[in-house]
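Protein chains in written order, with numbering that gives the first Met the number 0: chain U, 0 to 326; chain Z, 0 to 751.
You may find that some hints are simply not true.
[Said to hold, decoys possible] Some chain U residues flagged as far from chain Z (calculated, every beta-carbon gap over 10 Å):
#1 LEU35
#2 ALA41
#3 HIS51
#4 GLY142
#5 ARG146
#6 GLN182
#7 ASP275
[Claimed, not checked] Once the Cα atoms are required to be at most 25 Å apart in a straight line, the calculated DSS-like pairs of lysine-lysine come out as:
#8 Z:LYS74 x Z:LYS170
#9 Z:LYS170 x Z:LYS181
#10 U:LYS37 x U:LYS278
#11 U:LYS37 x Z:LYS181
#12 Z:LYS463 x Z:LYS170
#13 Z:LYS71 x U:LYS37
FYI, nobody ran anything at the bench for these hints, they're computed from the structure.
Here the structure is a predicted model, which is why all the values come from computation and not from measurement.
Even glycine gets a Cβ: it sits at the ideal position worked out from N, Cα and C.
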Amino acid sequence: MRDFSYLRANSLDAARQAAALPGAMLLAGGTTLIDLAKCGVAEPDSLVDITHLTGLNSIDVNERGATIGALARMGHVADHADIKSRFPAISEALWQAASAQIRNMATIGGNLMQRTRCPYFRDPMNFPACNKREPGSGCSAMGGVTRGHAVLGTSDACIAMYPGDLAVALVAFDAIVHLGERQIPVDDFFLLPGTTPDKEHAIEPGEMITAIEIPGTAAARRSTYLKIRDRQSYEFAAASAAVGIEFEADGRTIRDLRVALGGVATKPWRARAVEDALKGKGLEPDAVRAASLLAIQGAVDHGANHYKIELAPRVVARAILRLGETA
Amino acid sequence: MTLELSLNQQPAHARQGSSIGQPLTRRDGFLKVTGAARYAADNHPPGMLYAVLAVSSIARGRVASLDVEAAKAHKGVVEVMTPQNRPALAADPDAKDHPFMFRLDLLQNDQVRYPNQSIAVVIAETLEAATEGAALLSPRYEVLPARVGLDGAESFVPRGVGVGGPAVQHKGDVEAGLKSAKTRIEATYETPAQYHNAMEPHAIVVAWDGDTLSIDTPSQGLAMAQGRIAGLFGIAPENVHIRSPFLGGGFGSKGMISGPQILGILAARLVGRPVKLVLRREQMYGPVGHRAPTRQTLRMGMDGEGRLTALDHHAKTTSSTFDDFFEPAADASHTLYASPAIATSHDAVRLDTGTPLFMRAPGEATGSIALESAIDEAAYACGMDPLEFRLRNYAEVEPMTGKPFSSKALRECYRQAAETFGWASRPLQPRLMRDADGFLTGWGMGTATFPAIMFQAEARAVLKADGSGVMETGAQDMGQGAWTAFAQIAADGLGLDIDQVDFRAGSSDLPNAGIAGGSGHTATAGMAIHNAGAAVIARLADLATGDEASPLYGAGNEGVLARGGRLYRRDDESRGESYAEILTRAGLTEIEGHGKGAPDPASQENYAKHAHGAVFAEVKVDPDFGQIRVTRLVGAFAAGRVINPRLVRSQYYGGMIWGVSFALHEEAITDRRSGRIQNANLAEYHVPVNADVPSVEALLVHEDDPHVNALGIKGVGEIGITGTAGAVANAVWHATGVRPRRFPIRIEDLLG
Ligand SMILES: Cc1cc2nc3c(=O)[nH]c(=O)nc-3n(C[C@H](O)[C@H](O)[C@H](O)COP(=O)(O)OP(=O)(O)OC[C@H]3O[C@@H](n4cnc5c(N)ncnc54)[C@H](O)[C@@H]3O)c2cc1C
Ligand code: SF4
């Protein structure tokens, strides 16, 4: 491990200034960053510890929506009574993520910024070729072990999957990322790999996530996060879906539908085609299943991850139908 | 030395009679949950340096260059050990004097024979500096293509499998048996490479003093490690002092001292200071053993009543290119089911991997999952209930050898477990059961078995004039509770309350307790303890019965009982006196006795000795997602005398959970181009988490075995994994109608 300096920031401005320096990185819960430093992916010259900043860990929920401070812990948000009642998908996405120990340490800001689990990305010592780490160096994953790689949003440069759960729910409900003054829709915050897989977020040096804002909607209130994986807990998604529904006054016709996918794409994946196909219709199981197939339009597999293409629409369909049952 | 042990004497439990059979809690439990237990890597002798391995990126080839200068220039780096300056050894690390001696990679040359092989050691003032120094070595390689996978090289028939058993065996005429059969099945199953993944990584803290070595390192076999180290360094074994008071798991990977541990000793010799070397998790995927993958094909023939007419079990497996360990998977078919014709055979390929090693029922677990799956298929092909089919083929004598069993309460295991599970209401056809939530529900079963193995062990017992006792043996507690069970045996052997016995273990300075492996530690070291106790009691009885002043005078050895710190006349228990009185009158501060534990050659010759069990599993499978959850496991096991029911039950639980792990979770995934394992960490190499194990029940079936040893102990450590893995696989079939053919069973196997 390379030597680095450690700075405990005591104000937001100090943190942003220090983080703007080349080689500097923000340190929140450390559950991603320390891991990446150990495997040689992150080689910070300086760490700027933001966990002592005050006022960034609040969770405010009212009629208009929820604002969650970047330093709020995953575990706290998952357990928050108002989040549970008004944004069940957010709470469910969080408590199905990682482990209890990690959720107690990890922050919401850090969670959005977690990096891919692509094993080649995480092993620079043995696999120098990785376009995400070293633009232009190639991709070691293609032709290798790909069971966990993305089938949606891939490019010739990179097929790495975005592994997080929370962001999937955020994308479904049009959350806004607050970078101090600047605000940006979460769907635009995450970037497709394209030819620049090294650039994952619309965030500039010296910027920092300060909060996440989620508009309060009827669809968010009736929402769920369904995560499928081999192991019951402590595993990233094989495929997941965040879904929210609002019915018309008749209680049957879909007025608003939100669908986003996790575990299958290079970024949290909003499936608007599914939404559009079902809006204005009833929850007829066959129609839902047929519409859910639109979620994987354009999917491309790389061998071992083919099953995700089969699995993802089924997860979407189940999540939608399950929400309908609770009507 | 082992102060930790004496700190935690059990309070006197409300108990009647002997210590053996009492459900005492673990003596090390308090120390472990409070963090007071000191593991090897917790040691920090003055002046200690940190050593970090540099390991190879490639699977095969040679190291062309290392930037030693760059590493040495890094602040804090003291020395870099490479083949150029590695201190000389007294023995060739590639020599193999016996099957239990494994070839080691100790920087003997620049050749690379598997990924993660050690290619240099960086020694520094801090862990961070040593780690960075290792990174700065920037090795360059001459690379040869990696040989990967069960078809990655030309296959051959190994000379021996396991610890040297024949690779090919048969009795009767399998082909004739198949031909005459009314029903036949043939099925192939694949099991993956698995890695032990003990929670505690291999670690060593070592200090040289002249030609004497002081070592803290986890070991499942202290005396063997001591001998191996002495041989490699050309020093007397008594000069090698190894302490191993606690192990954070071993599972076989700490049975033999590994290459990296020896490199720690070499590093300390090179720099002339104490050194600590701890493997990183990913470095445990190579030099410390693994379970090799297998591809197994079973053929079975059955007559009109569902009786086996032939059983053929072939296993293909892998070893390294430079050493021999062949997973004896097909041998699982030797002991369980009666058949007039049985054939087992193995072949293997040599790959660019580290050498496989004993791991969690080596051969037994791997073979069991295939055999139990095939038995399930055979039962179905005959239209029979799987339990009925197993009973129809119940082996009254060991099928392969014809020897009688020393004891076998398997019928009772089947009965108790089936009843507790509620097996009787199981439909024969698959895919018929659904629960209220719409999950496909399946019930499966498997037979568990594991040989009752004994090694060689010694113990020393002391009785003191204050009436207390000491029992010493270099036994290893991997976390299974061995020291608690041994202390119980010691207390009974000495006729003392357990609180009056100072049980000492975990050091190579103590008598050789053999190896904590093969599920034979309790039987072996337990018998040594039992015999040492008997020897010192016999001396005490000699003193008493020969002393006119004693109420026991003239009673003779046979006529004396030891209990509660007193000797009694067998014919008149009102006449007796305390150990303290006897020793004090004799003017002795203490007396000692020695005992050995070893298999009895005569009973070895005459009997087949195995523990048995039956495991029933319930799984639920999501019909759309193929997601499998084990919801219920019930096992019943008969394994001779139960020393401590709480610990034994825990061993069964642990074994059964490893069975779930085998069926559904564990798999090392190799990049076929480089030969590297791509999930060499505990985030992606999966074992079950708590949520994967909702309900486990283990029933202890009574079994008296007069032949295995005087205490009647078989072994409980590994049997739980056998039977369970197959039971889960069979339950998955029963739920879905899809027969698992490769393990672990994954979502994509059931998506349909
Ligand atoms: C074994 C394991 C399993 C996991 N499983 C899951 C899972 O199933 N689902 C899931 O969603 N996640 C999972 N995670 C990821 C986990 O949720 C993240 O590690 C965690 O949320 C990161 O938060 P942190 O506060 O620890 O971030 P840190 O490690 O401190 O930081 C992560 C990154 O974010 C940057 N950063 C931190 N805060 C800010 C900020 N305010 N503004 C801008 N940048 C910032 C840091 O510089 C760093 O680059 C798993 C992690 C592990 C180790
Ligand atoms: S998939 Fe992306 S992250 Fe993985 S090796 Fe290829 S370029 Fe790197």
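Hint by hint, here is what the structure shows:
Distance check on LEU35 (chain U): its Cβ is at least 12 Å (rounded) from any Cβ of chain Z, clearing the 10 Å threshold; non-interface status holds. Listed as outside the interface, ALA41 (chain U) is consistent with that label: its C-beta sits roughly 14 Å from the nearest C-beta of chain Z, beyond the 10 Å cut-off. Its beta-carbon lying about 24 Å from the closest one in chain Z, HIS51 (chain U) satisfies the requirement of being farther than 10 Å from that chain. At roughly 7 Å from the closest C-beta of chain Z, the C-beta of GLY142 (chain U) falls inside 10 Å, breaking its exclusion from the interface.
Here ARG146 (chain U) does not stay apart from chain Z, with its beta-carbon only about 7 Å from theirs, under the 10 Å limit. The Cβ of GLN182 (chain U) sits about 33 Å from the closest Cβ of chain Z, beyond the 10 Å cut-off, so the non-interface label holds. Listed as outside the interface, ASP275 (chain U) is consistent with that label: its C-beta sits roughly 23 Å from the nearest C-beta of chain Z, beyond the 10 Å cut-off. Proximity of LYS74 (chain Z) to LYS170 (chain Z) is assessed by CA-CA distance (about 67 Å); at most 25 Å being required, the pair is judged violated.
With a CA separation close to 20 Å, the supplied pair LYS170 (chain Z) and LYS181 (chain Z) stays within the 25 Å bound. For the hint pairing LYS37 (chain U) with LYS278 (chain U), the CA-to-CA distance comes to about 47 Å; that exceeds 25 Å, so the pair is violated. Taking the CA atoms of LYS37 (chain U) and LYS181 (chain Z), the gap is near 61 Å; set against the 25 Å cutoff, the hint is violated. Taken as a hint, the LYS463 (chain Z) and LYS170 (chain Z) pair is broken in the structure, with Cα atoms around 56 Å apart against an allowance of 25 Å.
For a cut-off of 25 Å, the pair hint linking LYS71 (chain Z) to LYS37 (chain U) stands: about 21 Å separates their Cα positions.
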